Structures are given as C-alpha cells and as structure tokens.
Amino acid sequence: MKFAVVVFPGSNSDHDAYYAAQHVLGQHAEYIWHKDTSLKGADAVILPGGFAHGDYLRTGAIARFSPIMAEVQTFAEAGGPVLGICNGFQILLEAGMLPGAMLRNRSVKFVCQHVLVKVEQTDTPFTNACRPGHVLKIPIAHGEGNYYAEPDVIARLERNRQVIFRYTNAEGVPTDAANPNGSVANIAGLCNEGRNVVGLMPHPERACELAIGSADGLVVFESALQAVVNGVGGHFSRTAVAR
Amino acid sequence: MTSDPISHGLTPEEYQRIVDALKREPTLTELGIFSVMWSEHCSYKSSRVHLKTLPTTGPRVLQGPGENAGAVDIGDGLAAVFKIESHNHPSFIEPYQGAATGVGGIIRDIFTMGARPIALLNSLRFGPLEDSLVRRTFSGVVAGIAGYGNSIGIPTVGGEVAFDESYSGNPLVNVFCLGIAAHQDIIKGVASGAGNPVYYVGAKTGRDGIHGATMASAEFDEKSAEKRPAVQVGDPFMEKLLLEACLEVMKTDALVGIQDMGAAGLTCSTCEMGSRGGAGVDIDVSLVPQRETGMTPYEIMLSESQERMLMVVKRGREAEVERIFEKWDLHAVRVGEVTTDGKLRVRNHGEVVAEIPNRSLTDDAPLYRRPMSEPAYIAEAQQLSLASLGKPAAPADVFMRLLASPTIASKRWVYRQYDHMVRTNTLVMPGMGAGVVRVKGTRRALAMSVDCNGRFVYLDPFAGAQLAVAEASRNVACAGGMPVGATNCLNFGNPEKPEIMWQFARAVEGMGAACRALDIPITGGNVSLYNETDGRAVLPTPVLGVVGLIDDAEKVVRRAFRADGDVIVLLGETCDELGGSEYLKVMHGLVRGVPPALDLKREAALQRLLVEATTSGLIKSAQDCSEGGFAVTLAECCIETGLGALVDVPAVAAGAGFGDISTLFAESASRVVVSVAPGREAELLSLAAHAQLPARRIGLVAGNRVRIAIDGRTVIDVPLAAVDRTWGTAIERYFEPARAIA
Chain A
3 MKFAVVVFPG
13 SNSDHDAYYA
23 AQHVLGQHAE
33 YIWHKDTSLK
43 GADAVILPGG
53 FAHGDYLRTG
63 AIARFSPIMA
73 EVQTFAEAGG
83 PVLGICNGFQ
93 ILLEAGMLPG
103 AMLRNRSVKF
113 VCQHVLVKVE
123 QTDTPFTNAC
133 RPGHVLKIPI
143 AHGEGNYYAE
153 PDVIARLERN
163 RQVIFRYTNA
173 EGVPTDAANP
183 NGSVANIAGL
193 CNEGRNVVGL
203 MPHPERACEL
213 AIGSADGLVV
223 FESALQAVVN
233 GVGGHFSRTA
243 VAR
Chain B
215 MTSDPISHGL
225 TPEEYQRIVD
235 ALKREPTLTE
245 LGIFSVMWSE
255 HCSYKSSRVH
265 LKTLPTTGPR
275 VLQGPGENAG
285 AVDIGDGLAA
295 VFKIESHNHP
305 SFIEPYQGAA
315 TGVGGIIRDI
325 FTMGARPIAL
335 LNSLRFGPLE
345 DSLVRRTFSG
355 VVAGIAGYGN
365 SIGIPTVGGE
375 VAFDESYSGN
385 PLVNVFCLGI
395 AAHQDIIKGV
405 ASGAGNPVYY
415 VGAKTGRDGI
425 HGATMASAEF
435 DEKSAEKRPA
445 VQVGDPFMEK
455 LLLEACLEVM
465 KTDALVGIQD
475 MGAAGLTCST
485 CEMGSRGGAG
495 VDIDVSLVPQ
505 RETGMTPYEI
515 MLSESQERML
525 MVVKRGREAE
535 VERIFEKWDL
545 HAVRVGEVTT
555 DGKLRVRNHG
565 EVVAEIPNRS
575 LTDDAPLYRR
585 PMSEPAYIAE
595 AQQLSLASLG
605 KPAAPADVFM
615 RLLASPTIAS
625 KRWVYRQYDH
635 MVRTNTLVMP
645 GMGAGVVRVK
655 GTRRALAMSV
665 DCNGRFVYLD
675 PFAGAQLAVA
685 EASRNVACAG
695 GMPVGATNCL
705 NFGNPEKPEI
715 MWQFARAVEG
725 MGAACRALDI
735 PITGGNVSLY
745 NETDGRAVLP
755 TPVLGVVGLI
765 DDAEKVVRRA
775 FRADGDVIVL
785 LGETCDELGG
795 SEYLKVMHGL
805 VRGVPPALDL
815 KREAALQRLL
825 VEATTSGLIK
835 SAQDCSEGGF
845 AVTLAECCIE
855 TGLGALVDVP
865 AVAAGAGFGD
875 ISTLFAESAS
885 RVVVSVAPGR
895 EAELLSLAAH
905 AQLPARRIGL
915 VAGNRVRIAI
925 DGRTVIDVPL
935 AAVDRTWGTA
945 IERYFEPARA
955 IA
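Which chain is which? The protein sequence lines are A and B, in order. According to the numbering used here, the residues represented by the first sequence are 3 to 245, in order. According to the numbering used here, the residues represented by the second sequence are 215 to 956, in order.
Worth double-checking, as some hints may not be accurate.
Listed next, with one range per pair, are the computed distances between beta-carbon atoms [as the list claims (entries may be wrong)]:
#1 G917(B) x Y33(A): 30 to 38 Å
#2 D290(B) x G98(A): 43 to 51 Å
#3 A217(A) x D290(B): 22 to 30 Å
#4 G98(A) x E532(B): 38 to 46 Å
#5 F949(B) x N162(A): 55 to 63 Å
#6 E532(B) x D178(A): 32 to 40 Å
#7 S109(A) x E787(B): 38 to 46 Å
#8 W35(A) x D290(B): 53 to 61 Å
#9 T928(B) x A217(A): 35 to 43 Å
These are calculated hints, taken from the structure and not from any lab test. Note that the structure is a prediction, hence the values are computed from the model and not measured. All residues carry an ideal CB built from backbone N, CA and C; glycine is no exception.
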C-alpha cells in the first residue's frame, strides 16, 4: 500500500511518519508538498506532527488553508483513511474534519514523555489490528494537547463511540494522574462519524521499534495496512470487526 | 552612534591600528565593522595564542577549527559535524530569546556545513534556585531552548545543569549541535571565483542585535538591562524553512560557499568568507531585504537579526537556486559579487561607504598575549582541614541531602520540556550521562556528552579542565562509544585581569594535555569571556563536548541496572578526595581543597575497557561516578528501572572521622559502577586486572532498597521509593511549592 505523508512548511515529524511506513512497516510512502493538489494515488493519508507555518496563530489555523487540504477533504469524504498525528490532529480540528479544539497543556509547558493510551474502539482503519482495551505505550510531545469540546459534543462523541484513544494508567483506567495535559475525559484521540478520519496527540510513529523505547505504535500502521489490503475495519468494510 | 572609538569598545591603540590598515581615518560604517570584528567575541584576540596549543588533528578529522563547525569521519562515508557555542550574555538579559537564538545559531552552524542536524545537547549554569530571579532566568532559558529546538524538530537528547552562586548574575547557556553529512557533501564558508553572485537568504534585516558581539565582550553591571535591544528575537519557523531550503540547494552543487549570519551579522559573513577564499566581496546594502525603514549602512552591516545566510552561487546557476528558495517562500536576493581584490566593499545605492581589506578584519585582527598571574585565592582555597569541620553528619542523612541538591537531582523538569524523541533516533533518553542517537541507514550510533565541574577548575584550572575531558569522554565510553572528537566552550571572566587570564591559560593547557593523552582531537568551539557581573567572575567553566562512535547500535549500554541478581562491580578506586566535592558544598558551604587526582593512563585504559566490554555484551549497565560520589551514582543506577542494590564496599582511610564520608561521597576520578550477568564478573575482573585497573565485585542488584555497607557495617539503607521521591522532584519543588506540601 502507499501512504501519503503531507509536508507543510514547519512539519517536523514528516520524516518519522515516512520512516515508520516505508522502513519499519515495509510499505510505500511518499511526501506530498502542501502546495500540491494531488495525493498521487495514496491509499492512506498522514498529516504529520510539527509546527505547520510556525503555529504562531492557533495551531493548525493556517495549515488548513494549504492547497492540498481540499484534496485531503475530498479523499476523506470518499471514505479514504486519514490519520492526523499531533499537529496533524490540530489541523484536522481547525479544518472541521474532527470536532473540538486544543488548549494549552494545563501545566502551561511543552511535555515530552511516554504515556499510556487505551485503544477504546477497534473499528477504525487505524486501530483494527488492536485488541479492544489494548493499552499502548506511546510518546507525546506537545504544548497544546489539552483537548476541549462542549459537554454536548463530548456526550455525542461518547455515544457514537468516536473516542478512539484515552490516556489511562497501566490497568486502562482513565485517572487524572494519567492525563498528561488536562484533556476533557482523558481524550487522546478521536474519529469522525464516518470513522475513517482519526486524530491523536500521541506519536505512534515514534513508537515503532523497541530500540527507541517502544514498538506499541506500530499497530496503528499495521491497522492501516490491514484496512487497505484486506478491507478490514472502518469505512472499507462497513461491517464492524468482531469485537 | 557616535564615531568615538571608545564607545565602540576599541582602545586608542586599536583605533590607530585601523588608521594604519586603511591609511586614512575610517568612516562611521568602517569603524562599526572594525569594532565588531575586533571584539573579543569575533576575534578571539585574548584567547587565540592559547587555543593554538590544543590538539586539533587526527586520522578521523575531516574539518578542524576555523570553519562554521568541525567534522570527523564516522565510517560509511559519513561525517559527524558538530560544535558547541555559548549564548551567556543574551540569556541573562532576556532568558527566553537569548537561549532560543543560541539554539538557532548553533543549528545554522551545522547545516551551513551541509549536514542535517540530528541532535542537540546543552550545558547550563545558574545561581541557586532559592533566588526568584534565578528561577525566572532558569525557567526562561529552558523554555527558550525548548521553544526553538522543539519547533524546528531537532531532539535535545542530553546535557547537564549545575547551580552555584557565581552564576547568579551571569548564567551560562552553552548549546551543542551535531549533524550528519556525506563526506563529499560538506560545504565550507568560502567566497571565491570572481564574478560569482553573492546571495542573501532568509529573514529580513532589522535593528535587533546591533552590537551584540560587543555586548558579549564586556562585563555586566547594574545598567545591563538597558542592553536589551542588543538581544535578538528568534523565529524557529523561519529557521526550519531555511534549513530545509539550504539542504535542498546544497544537493544541487550550485553553491561555492555558504555561511550563516551569526555574531556581527552581514559584516562577519562577508569578510570571513572572502578571507577564507582569498577573495574580495562587493555588496550593496540597499539590496538587503529590510524590515524597518530608514536603516543606515552601519545598522544593516551590524544587525544581528536571526535566520539569515550568505551564499556564493556559481555563475549561471542562479535560477536553479532562486527556484528552490521560492518553493519555501524565502527571500533569496542577489546583493553583490565576488571580486579579486581581497577587499570587503560595502555600497549604499552604488556609493562606496566602506572599503576594508578582509584580512585586516580577520587574520590580521589584534592578538594579545595578556599578562597572567596566579590568583591569590588558589593557595588559600586549596587548604582543606577536615578536622575543622566537626563531626560529620550520619551518612544516610548526607545521602538524602545530596540527592535533593539541584546539581545532583533529576533534571526531568528540564528535559521533559524538550522534545527528545523527534526523528526517532534517540536510543538513550536524557537524564544523565551521554545522549545516544542512532545513524539511520547504518548500523552505527553516536554517543555525546557535555561536561565540566567548575569547582574543580576554580580550585585548580589545569587539573579541573583535565577532569572535564575525562568525565565527558568517560560518559561516552560508558554507553559504548569510542571518543572520536570534541568541541569546547570556554566560559571565563574578564581576560584583562591577569588572574582570569591565568585561569584560562592553565585550563587550556590541561584540556590540551588530557585530549592528547586520550587521543581526542578538538575540532572547534567557542570562547566566552567577560562572564562577570559587578566585578565578580563565574567559576571558570571550560565545557567539553565529546562525540563517541558506537559501531553497533544494538550494543548500546544504558546507565540503569537491568535485572535482579546481576552482579555490581566498581571499576576504579575511591580515595580520600573530598576537595571541591558536592558534599563539601552542600553540607558545609565550602569550595575547598584540591580536585581529585587524575591518572590519564588509567583513565585511557578504563575507557578502552568500557568500549570493549560493552561491545562484547559483557557489561549490561554502566554509570560514571561524578558529583555526589559513589553512593549517589549507585542510587542513579537504581532509579530508572526501579531495581534496588545491596552492596558492601571497603572503607577509605581518611582522617578526622571522615572515612565513611569519603568512601561514599568522595568524587575520585576514573570510576564507573557497572553490572554484569551473574557468573560473568570473573571475566570482567580479569579484563580489568589485565588493564591494570582496580576493580571489585561489590554486590548485587536486588530488592527495592538502596543498601550500602562499609566493611560489613550498613551505613545507608533507604527504600528506593524515598530515593526516587527526593531525587526525582527536588527541582520541581522549587516551582510548585503547593504540591510539595501536599
């Protein structure tokens, strides 16, 4: 399969997403410049982490106007799998492809560390290879990852099972101590109603090999492969995976 | 700005020298250009005669001092390009921007060489955290380093932070950056080929940072806050674009040379590039993109606005280069061309406003052999009478006090703010000791460490500098890295004082001797003088950054114990050496005595053994003993993996009832706590015996306590949880008092 890794000016985890897809997963990956208007036949799109356009305004606020984003929207509306990681998640929020917004971390500081996140739902193209309730050790690295949405939005997300990742302790319990940034309901990642667009603050691409501290994030890429090749999970087989 | 030489920081003699070089009075613009190029910061006029004595060559050295950064061969046709630089003065005046632009400057030095930066480290010094002004400086500096490095996507993988009163009014912010380049892609800061166009790229020029280099060449006093306009403002996004665009342009081979505009901005880059290439450079400042109106040629030439580069492009390749910068939405403006006359010629709308031989600004800048004399304090401070200290406190109490000392305590509060994992190469997380990154596309990894104990250097500059070299290279060797090169950042007080100059000269001698003995070439670095406030100098702090090569990334050794039942071995020997120790400072408020003795032959043998026994897989963990001595090191080995230790060590003979204290907290050199699988200690002990290194099996990795006995008598027995709490949160507690109470 082929991953498109969108490169915005200021993206800095583009290399890491590319490396995970191309060298660790062993699939194809291609960088797509933000001024491009074609995804060049990719099967899945990754909006990588970084500081697109410097993030001097709200994070992701300018990136959503990049020419490639119209194409990403069209791709997503057709059911194509789109993964936004960290800054990519922030861009998806600004683009209205996912609901809610990011506030500064409650510590008011940038935080880089490994955290534990529980996979809440496995019927998305980025979690279908996970066990339900699977707790993954994946790093975060952000200053604005404090997810916020109005209570009615949160209620709707929960009702629709759109919360995909949650910060928890090792037992999978979403405690306050396990919440590294103050996110509402310990939300670390979510999906759209179509379940094919997923955004998360932790960096699975930084956790694909034990040598660098964890290989737990690889399952996110393996899920995408499974979804595309076998048509398992999310939009590609409208039937939910056995859970 | 007046045309008065004194207000430009020049002496009457220096002014006369300018008149002689030009054979006429300088214009105001020329005076400004001379004043920054002849400042201590740019000319190294006080330090050069000493720096020349350092070892700078070796079979692996591809680029020694004199370029934007040094480079060493790391195999596979690749080079490690690295350098360390200070941003002390700006960081005191404006902590966030001062530190941020320090990071920006060193990153530019690395990618200017054609290397992709892959790791940052930093060496920081502050006053005591009890002082609210220090806390503000400390948190501002850390946030500034984080703000810049994180945005640009280069991981900060290690470093050191220490605290001492001498740094209260003059913090030290030294930043190290390392990049990787293919040998053939290394590009230099030269201007050559008459008629080749000179390009200005990057951010527009403003009035920020004018005379920054001059500011960094004077002491601080109560008026220093007024110098804030001399501090630049960083834009990491612009730098990220510049980085990517420059690396893309370098792939085309359309460049002759490139240099970043750091200290002394356009002035320094034009005359240095011209001087290196034996050519002249002719530019028109009216073509320079400006973000303010009405800027004079003087201001444009002296501005230190950030994120700017100067390039010489091969004639005929201009369009290719311009296209790449356009893609990244950057200005690439032709501002002049290379000439044959060896002069820096500056025009404004065509009219010549400065015309100076390049060499007079660079190679022919003043050179001083400043007077030196041994400071009076040394003989007195080296006297240490343990008997006068009274009965020492109980070892367990000292142990907990030391763990809570900010210099020893966990730096998690700091490194958690740095993105240390981006680029997915970080094999050893920050915390202590060396940072280690793998080199993608090869089997190799690089270990890096920056170290210096300023107290040792204060008490004996020669010995202290040697100990800094030994510690930095030992840290690298502990991870399995063979030291292949080093870079230094020499932070001292006012060189016009003979005592300071003596400290400097002795430290450089010591550093050179140690690097020669350990076979580590110094490929470049930086000197920061005038680190004084109101006449009081910082502890002399010659920081050394060492790069070590690990042939097999899978063999990297980490500092923490790995498994219950593993055998703990102490390599090296503890002696009655409390001089300059953290113990004396924390428990008695003293900086006294002589630093620990260092046998460079033994140190070299120890480092060879470490590399050999990590490569073979014999050693499972290794952590060097430094501040706080053996007991603190043992605790550090336990904390990360939560594995306890049960050890028994022989007593050190020391007078005045200080035997236990010395055994546990002396900072004797050339010691490492290692662990091996059960049954394999004999192998290690025999290797050590063969290398004539003292080594001893001292106990086991076991339980969840740190338990240390001396000759069978338990002196420390503390639950690991308590150790972790004290050590892990000591710095945080200065910032979150409410949480500490709860």
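Hint-by-hint comparison with the structure:
One distance hint, 30 to 38 Å for the beta-carbon pair G917(B) and Y33(A), is violated here, with the actual separation near 51 Å. Range check, D290(B) to G98(A): Cβ separation about 47 Å, and the 43 to 51 Å hint holds. Taking the beta carbon of each, A217(A) and D290(B) are about 25 Å apart, inside 22 to 30 Å as hinted. At roughly 43 Å, the beta carbons of G98(A) and E532(B) sit within the given window of 38 to 46 Å.
With their beta carbons about 41 Å apart, F949(B) and N162(A) fall outside the hinted range of 55 to 63 Å. The hinted range of 32 to 40 Å is not satisfied by E532(B) and D178(A), whose Cβ atoms lie roughly 59 Å apart. Between S109(A) and E787(B) the beta carbon distance is about 44 Å. The supplied range of 38 to 46 Å therefore holds. For W35(A) paired with D290(B), a C-beta distance near 30 Å fails the hint of 53 to 61 Å.
The hinted range of 35 to 43 Å is satisfied by T928(B) and A217(A), whose Cβ atoms lie roughly 41 Å apart.
The structure fails hints 1, 5, 6, 8 (numbered hints given earlier, in ascending order).
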